[in-house]
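Chains A and B, in that order, are what the protein sequence lines are. So the mapping is simple: our numbering equals the position in the first sequence, first residue as 1, plus 77. So the mapping is simple: our numbering equals the position in the second sequence, first residue as 1, plus 63.
If you are wondering where the hints come from, they were derived from the structure by calculation, not from laboratory data. Every residue gets a Cβ at the ideal spot worked out from N, C-alpha and C, and that includes glycine. Hints are supplied without guarantee of correctness; some may be wrong.
[Unchecked claim] Just some of the chain A residues that point at chain B, by a computed CB distance under 7 Å:
no. : residue
1   : V186
2   : K187
3   : L263
4   : S398
5   : P406
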Amino acid sequence: MHSVIASPADRRLSALIRHLEGSSNAMDSDTITASPASGFPGARNSVFEHVVRGPEDPILGVTVAYNKDSSPLKLNLGVGAYRTEEGKPLVLNVVRRAEQMLVNDSSRVKEYLPIVGLADFNKLSAKLILGADSPAIQDNRVTTVQCLSGTGSLRVGGEFLARHYHQRTIYIPLPTWGNHPKVFTLAGLSVKTYRYYDPVTRGLNFQGLLEDLGSAPSGAIVLLHACAHNPTGVDPTPQQWEQIRQLMRSKALLPFFDSAYQGFASGNLDADAHSIRLFVADGGECIVAQSYAKNMGLYGERVGALSIVCKSADVASRVESQLKLVIRPMYSNPPIHGASIVATILKDKNMFQEWTIELKAMADRIINMRQQLFDALSTRGTPGDWSHIIKQIGMFTFTGLNSEQVAFMTKEYHIYMTSDGRISMAGLSSRTVPHLADAIHAAVTRVV
Amino acid sequence: MASAMLSLASASPSASLSLQENLKISWKRGTSSRINFLGSDFSKTKSFTRTSMTVAVKVSRFNDITMAPPDPILGVSEAFKADTHEMKLNLGVGAYRTEDLQPYVLNVVKKAENLMLEREENKEYLPIEGLAAFNKVTAELMFGADNALIQQQRVATVQGLSGTGSLRLAAALMERYFSGAKVLISSPTWGNHKNIFNDARVPWSEYRYYDPKTVGLDFDGMISDIKAAPDGSFVLLHGCAHNPTGIDPTPEQWEKIADVIQEKNHIPFFDVAYQGFASGSLDEDASSVRLFAARGMELLVAQSYSKNLGLYAERIGAINIVCASSDAAARVKSQLKRLARPMYSNPPIHGARIVSNVVGNPELFNEWKEEMEMMAGRIKSVRQKLYDSLCAKDKSGKDWSFILKQIGMFSFTGLNITQSENMTNKWHVYMTKDGRISLAGLSSAKCEYLADAIVDSYHNVK
Numbered sequence: 078m079h080s081v082i083a084s085p086a087d088r089r090l091s092a093l094i095r096h097l098e099g100s101s102n103a104m105d106s107d108t109i110t111a112s113p114a115s116g117f118p119g120a121r122n123s124v125f126e127h128v129v130r131g132p133e134d135p136i137l138g139v140t141v142a143y144n145k146d147s148s149p150l151k152l153n154l155g156v157g158a159y160r161t162e163e164g165k166p167l168v169l170n171v172v173r174r175a176e177q178m179l180v181n182d183s184s185r186v187k188e189y190l191p192i193v194g195l196a197d198f199n200k201l202s203a204k205l206i207l208g209a210d211s212p213a214i215q216d217n218r219v220t221t222v223q224c225l226s227g228t229g230s231l232r233v234g235g236e237f238l239a240r241h242y243h244q245r246t247i248y249i250p251l252p253t254w255g256n257h258p259k260v261f262t263l264a265g266l267s268v269k270t271y272r273y274y275d276p277v278t279r280g281l282n283f284q285g286l287l288e289d290l291g292s293a294p295s296g297a298i299v300l301l302h303a304c305a306h307n308p309t310g311v312d313p314t315p316q317q318w319e320q321i322r323q324l325m326r327s328k329a330l331l332p333f334f335d336s337a338y339q340g341f342a343s344g345n346l347d348a349d350a351h352s353i354r355l356f357v358a359d360g361g362e363c364i365v366a367q368s369y370a371k372n373m374g375l376y377g378e379r380v381g382a383l384s385i386v387c388k389s390a391d392v393a394s395r396v397e398s399q400l401k402l403v404i405r406p407m408y409s410n411p412p413i414h415g416a417s418i419v420a421t422i423l424k425d426k427n428m429f430q431e432w433t434i435e436l437k438a439m440a441d442r443i444i445n446m447r448q449q450l451f452d453a454l455s456t457r458g459t460p461g462d463w464s465h466i467i468k469q470i471g472m473f474t475f476t477g478l479n480s481e482q483v484a485f486m487t488k489e490y491h492i493y494m495t496s497d498g499r500i501s502m503a504g505l506s507s508r509t510v511p512h513l514a515d516a517i518h519a520a521v522t523r524v525v
Numbered sequence: 064m065a066s067a068m069l070s071l072a073s074a075s076p077s078a079s080l081s082l083q084e085n086l087k088i089s090w091k092r093g094t095s096s097r098i099n100f101l102g103s104d105f106s107k108t109k110s111f112t113r114t115s116m117t118v119a120v121k122v123s124r125f126n127d128i129t130m131a132p133p134d135p136i137l138g139v140s141e142a143f144k145a146d147t148h149e150m151k152l153n154l155g156v157g158a159y160r161t162e163d164l165q166p167y168v169l170n171v172v173k174k175a176e177n178l179m180l181e182r183e184e185n186k187e188y189l190p191i192e193g194l195a196a197f198n199k200v201t202a203e204l205m206f207g208a209d210n211a212l213i214q215q216q217r218v219a220t221v222q223g224l225s226g227t228g229s230l231r232l233a234a235a236l237m238e239r240y241f242s243g244a245k246v247l248i249s250s251p252t253w254g255n256h257k258n259i260f261n262d263a264r265v266p267w268s269e270y271r272y273y274d275p276k277t278v279g280l281d282f283d284g285m286i287s288d289i290k291a292a293p294d295g296s297f298v299l300l301h302g303c304a305h306n307p308t309g310i311d312p313t314p315e316q317w318e319k320i321a322d323v324i325q326e327k328n329h330i331p332f333f334d335v336a337y338q339g340f341a342s343g344s345l346d347e348d349a350s351s352v353r354l355f356a357a358r359g360m361e362l363l364v365a366q367s368y369s370k371n372l373g374l375y376a377e378r379i380g381a382i383n384i385v386c387a388s389s390d391a392a393a394r395v396k397s398q399l400k401r402l403a404r405p406m407y408s409n410p411p412i413h414g415a416r417i418v419s420n421v422v423g424n425p426e427l428f429n430e431w432k433e434e435m436e437m438m439a440g441r442i443k444s445v446r447q448k449l450y451d452s453l454c455a456k457d458k459s460g461k462d463w464s465f466i467l468k469q470i471g472m473f474s475f476t477g478l479n480i481t482q483s484e485n486m487t488n489k490w491h492v493y494m495t496k497d498g499r500i501s502l503a504g505l506s507s508a509k510c511e512y513l514a515d516a517i518v519d520s521y522h523n524v525k
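Produce the entire structure from the sequences given, and follow the hints as far as they go.
Here it is in structure tokens:
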């Protein structure tokens, strides 16, 4: 190794040496051939040599394994997307209609949206989540910007807070969606947790939640799942939400809501927005990330909105101008297609009605699967209290099964789910419930 | 307790105690009762009725936030909209306009969208790296379908949010894996490049590019600055139709640029926003990238379909990273995914499907090439007409031929800030303050008017 001034090339080579020396994995021959002492990298050496392979996403790994299984009994309960009774993805009728209208409208163009997105979409989204008669909207205190679904809204909101908010710590529930800590960390916030799930009751650890939020520093940001907590399906009751609100306001904790299931959880859009509206009603500030992935089935279109409810219209306007500075260097302006579909549906009375009916049907099917699974386990006399299956809400159920039981269910019954015991009710049908119930019964009685 | 809370609610921010102190006091008072009730049944405790008077803070948590300045490019369109003058002209817009100065949706795009509707495709999440069919055709379009590096699987391609999003993903990778390495950007360059690297925390410096004396390329300055940079820097190059100048290196100059980049072990990073749109030929506009790739160099290419397929608002593009081995490409791709996931999880489907339908269907692909030639052709013809008008109207003997030598949507007129302002204030011609005009927003009917404005601003305003 010749001694030279540490140029970037040298730093990369040093990183490679450390990697080679520190690694206990076998390296392939290509990498070993890249000799550190060979001077300037030639065609065979890569400047990306030090880039290691990233781990496969744990949830996607479930689907990969499922696809490999040839058993006719196999069941994929890892999927985080709605499936029909026939096990197929669903595009809502009202969405198809809206799309037809858009594509057939020859006056439509594909010019850049403004940085903040489609104006109609933004206004309608704010009304949907906060309520059409929300005083915050009437006072012009809300800034809403179109973002890339829930993830994009969380990221833009997080970056904004990291730049402009005095407290750079966000508290997230334990457990939470796997992507939350990554989004906020890359946004520049430091992530802490508050107790949420109680594995003993398979319900909410309310005392732990209050203690942890109670000991958070004043002004800290708190991530709240608006409804249908992912992955547990455990939500606070309205009374508990009120207590959480009081505690948070007394400590000036800033609420950051993740709303990915409005209308999809209970079947009622207003009920699923209750927690957010409770906070807005007290005149305080909060942030809301909204996703239309599930409730409008627009997963791949990446439609969402970030709303920041501020104290005054003047503050809201300044906040919006700063949000634009976050968005412009990230992707300039958001994609038009999905937002246009949403706006078309929300602004038309008939289409809106149609949507609420299709939405309720999806929510009802899921609730029905919960009931069927619970009944099937009761019929089998499966040991344990399974009432959490019907108490939990939304797409997911935290079964309480441990990883050995999960592995057993996969091996013996071809049931695919995440190792934390989470199942997607959206992946179940009346036809497959008995098989799942058999598997759970066997796992609980034969595997400790 | 209740009264303390009420007085807090009505206290103005200038009250003797700061808001924070007030909150701390009220919290302290509540603490002892809180410890008691936490161990007991919450719903029955009296202390909650007392704290039910709690109101949110009066002063905004965001009070100190200042109003950000308007975007220098988008602000131009807004000013144009407000202008009522009949001769007004919007040459700020970086979007193609027809001769009637209308936005243009390509016929092949409409056909593709209709096909997609007929097929009733679902809207499931794409993989983090995007639509596989799109990634395949976009790499082939950039490097050539028969290019060895595609057969050898040495290109990591990830669908990105048009050019901006693709640049940002690459910048995030640079920050994480090439810590301390900087990116060299041309002076001038597209205004958003600096913002992207700043937000991604990648240090940058400039290399000389535009020579105002010749209204051409400062080639010696460019080479010299690239040589002077630390080994292993990234060099951001515009693949064709440099924005904002319209001045591209010649093929011979590209070879020399590649030489010095190889000599310094720099990593070339191409921004390709105008493939096919610059010359009218997809292959010709890709030649700079292919020249570098043919030398066996590792390189990055950000692609955009905003202009060449008119898909501006659909946000469709890609980041391609050419690596020395297929293993490196696989690893790099996996890390790009790790950066995309916490930014937006997975990219939007609509634009990706349109592109893969157009590029993947021979009939539509050919039709696309024709439409692209038409768009590029219109721009070339207004360049010519503008030049002719300038020569006819300007009797000073000034050489306006740089307008014909420049290529792509934009022309750097050489007008300074005050002259550009005169263009707007006196002539209602909207453009960016750096003297850039978008020929995509110019009709042949308005060339003479524009020539008058330019001649006046150049000669009569200092």
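Here is what the structure says about each hint:
no., hint, verdict
1, V186, "4 Å, holds"
2, K187, "5 Å, holds"
3, L263, "5 Å, holds"
4, S398, "4 Å, holds"
5, P406, "4 Å, holds"
The structure shown violates none of the earlier numbered hints.
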